[in-house]
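S.K.: Residue-level listing of the chains:
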Amino acid sequence: MTFDIFLFYLFSILALLSAFCTVTSKNPIHSVLFLVFVFFNTAGLLILLGVEFLAMLFLIVYVGAVAVLFLFVMMMLNVKISESSSAIYRYLPIGLFLSILFLFEIFLIIEGDLKSVDNVVFIQSEYKILQTEFLVNTSWIDSVISPTNVDVIGSVLFTYYSYFFIMASVILLVAMIGAIALTLHRRSDVRRQDIYRQLQRDFEGATYLVDKKI
Amino acid sequence: MTIFLIILNVVLKSLALIVPLLVAVAYLTLLERKVMASMQQRRGPNVVGLFGLLQPLADGLKLLVKETILPSSANTVIFIMAPIVTFLLALLTWAVIPFGDNMVLIDLNVGVLFVFAISSLGVYGIITAGWSSNSKYAFLGALRSAAQMVSYEVSIGLIIMCVLLCAGSLNLTEIVKAQKEIWYCIPLFPLFLMFFVSALAETNRAPFDLPEAEAELVSGYNTEYAAMGFALFFLGEYANMILMCSMVNIFFLGGWLPLIDIAPLNWIPGVIWFGLKTTFLLFVFVWVRAAFPRYRYDQLMRLGWKVFLPFSLGWVLFISGIFVGLDWLV
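Residue numbers (the working numbering), protein chains in the order written: chain S, 541 to 754; chain F, 585 to 914.
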């Protein structure tokens, strides 16, 4: 138990420190790398909570995809290191306001929502009742019906929260179509590779005499 | 005292995994050189030791005693960090690979996702190495490499999803056990081929070795590295190759399961089967390198995004459709 607490403090301190460095470091590449480190520590915290599925998704989506693309763009754009310190103070009031607002919202969520989630996770609660009322002293049921993380999330997400799930996927679809629409503009003067036409060419078709009067 | 024993246990277990892995990497380089040599009717290394068997040790020693050079315009911290990260991530994934029945360091419930997550982090070592070297060749190599790995990860993810639908578990051990009746390479043959080709691209191997296209980019992202830094990249790359081969093995060739479950074949321990299959796949890796010319970059991207992605997406829908329709879901 003490080791868990030690890990919790380690991850949270490192996350906070690197979050601070993300904001303050001069070089944007360093900022992105610190951000990656924040994601790492957050994934560690999620594993400590016992939601290893979410932690892995966090790593795959944020660190493996989003931050890589971010880093990619940062390196390609060659953002200058400058950005003097006076600019930071200019952004300070609005940043402070937003972060206080965010903190307030988080407290609201913790008060209101976590309890309702507890009620909804029906498998977990049924399982607990089983364990406490009938089988207090045996732990063999643990190995028989212990729903894994993925099972629990799936059974809740696709039943109780299916509307949210569909809504999220529609939002993602819109974002995807938007990205494609923004980048897709066919120009006529670009010479394109057409694999099928290239493969179809043979000697007879490729060389021919041109009847041209000189 | 107990905490000391626990730590000793962890260290010994990790060493028992890492040391054989490093030996395997060393001899994989020898295998590559020997196999390529015989395919091109040469002898290959045959001076150091019997049949050149000590050649990898000599190479390792050479890299170890060479001078470490830090380019003066490099970003020192990231420059030193990059090879270490690459090597560490290459070793980390091996913790969840099951070599045999109950022969796994950590039996994670989300093993597949763990492997996928760590292998998608491998990009960081490469991209930071390229950027921090402050050299054009290294930078271009890193950009190519990162773009390639990110694109082929998409199709790899979808193919893994198909396998998961069939096996009904994210646990690597469970996936192997689900292939008791039939190896997935038979019902999912197209996916097997696609996964193998994606594995080639993911590990930056020929014919997709554009990141290190010697003629254009000297040596790609590790141009500026010398001595141990280079050796760590090399080790990481080859450890990743063996890892991808083991993943192909686990997902499609039935891991440690014998060829047919009959008397003389199932006397052979599972670990031997695992090793044999993985070695065969590694041989195919080398074979492909000796046999095929290098792809052009636009062809590579076309193959990843316009061929593999739609095809694997279609397979996900197809398999889930069949499973829902026939009520086969596990």
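One or more of the hints may lead you astray.
Stated by the list, open to error - Quick list of simulated restraints, FRET-style, between CB atoms:
1. F:Leu672 with S:Asp742: 27 to 37 Å
2. F:Ile906 with S:Lys566: 22 to 32 Å
3. F:Arg880 with S:Asp742: 14 to 24 Å
4. S:Tyr700 with F:Val908: 55 to 65 Å
5. F:Arg886 with S:Asp544: 46 to 56 Å
As the list claims (entries may be wrong) - Simulated pairs of lysine to any residue, SDA-like, Cα-Cα distance not exceeding 25 Å:
6. S:Lys566 with F:Ala658
7. F:Lys890 with S:Gly584
8. F:Lys890 with S:Lys566
9. F:Lys890 with S:Thr688
10. S:Lys566 with F:Lys761
11. F:Lys890 with S:Leu588
12. F:Lys890 with S:Ile650
13. F:Lys761 with F:Leu849
14. F:Lys890 with S:Ile640
15. F:Lys890 with S:His725
16. F:Lys597 with S:Ala607
17. S:Lys566 with S:Val591
18. F:Lys646 with F:Val855
19. F:Lys764 with S:Asp734
20. F:Lys761 with S:Ile706
21. F:Lys761 with F:Phe663
22. F:Lys890 with S:Arg727
23. F:Lys890 with S:Ile720
24. S:Lys566 with F:Lys646
25. S:Lys566 with F:Lys720
26. F:Lys890 with F:Met745
27. F:Lys890 with F:Leu901
28. F:Lys597 with S:Arg741
29. F:Lys597 with F:Leu901
30. F:Lys764 with F:Lys890
31. F:Lys597 with S:His725
32. F:Lys890 with S:Phe543
33. F:Lys890 with S:Asp691
These are computed hints drawn from the structure, not numbers from a lab. Beta carbons: idealized from backbone N, C-alpha and C, even for Gly.
S.K.: Now tell me, hint by hint, if it's right for this structure.
M.R.: Structure-based check of each hint:
no.	hint	in the structure
1	F:Leu672 with S:Asp742: 27 to 37 Å	52 Å, violated
2	F:Ile906 with S:Lys566: 22 to 32 Å	55 Å, violated
3	F:Arg880 with S:Asp742: 14 to 24 Å	21 Å, holds
4	S:Tyr700 with F:Val908: 55 to 65 Å	21 Å, violated
5	F:Arg886 with S:Asp544: 46 to 56 Å	49 Å, holds
6	S:Lys566 with F:Ala658	17 Å, holds
7	F:Lys890 with S:Gly584	36 Å, violated
8	F:Lys890 with S:Lys566	39 Å, violated
9	F:Lys890 with S:Thr688	36 Å, violated
10	S:Lys566 with F:Lys761	52 Å, violated
11	F:Lys890 with S:Leu588	40 Å, violated
12	F:Lys890 with S:Ile650	45 Å, violated
13	F:Lys761 with F:Leu849	17 Å, holds
14	F:Lys890 with S:Ile640	46 Å, violated
15	F:Lys890 with S:His725	18 Å, holds
16	F:Lys597 with S:Ala607	33 Å, violated
17	S:Lys566 with S:Val591	35 Å, violated
18	F:Lys646 with F:Val855	33 Å, violated
19	F:Lys764 with S:Asp734	44 Å, violated
20	F:Lys761 with S:Ile706	34 Å, violated
21	F:Lys761 with F:Phe663	43 Å, violated
22	F:Lys890 with S:Arg727	20 Å, holds
23	F:Lys890 with S:Ile720	14 Å, holds
24	S:Lys566 with F:Lys646	39 Å, violated
25	S:Lys566 with F:Lys720	23 Å, holds
26	F:Lys890 with F:Met745	19 Å, holds
27	F:Lys890 with F:Leu901	17 Å, holds
28	F:Lys597 with S:Arg741	59 Å, violated
29	F:Lys597 with F:Leu901	41 Å, violated
30	F:Lys764 with F:Lys890	34 Å, violated
31	F:Lys597 with S:His725	56 Å, violated
32	F:Lys890 with S:Phe543	49 Å, violated
33	F:Lys890 with S:Asp691	33 Å, violated
Taken one by one, the earlier hints fail for this structure at numbers 1, 2, 4, 7, 8, 9, 10, 11, 12, 14, 16, 17, 18, 19, 20, 21, 24, 28, 29, 30, 31, 32, 33, listed in ascending order.
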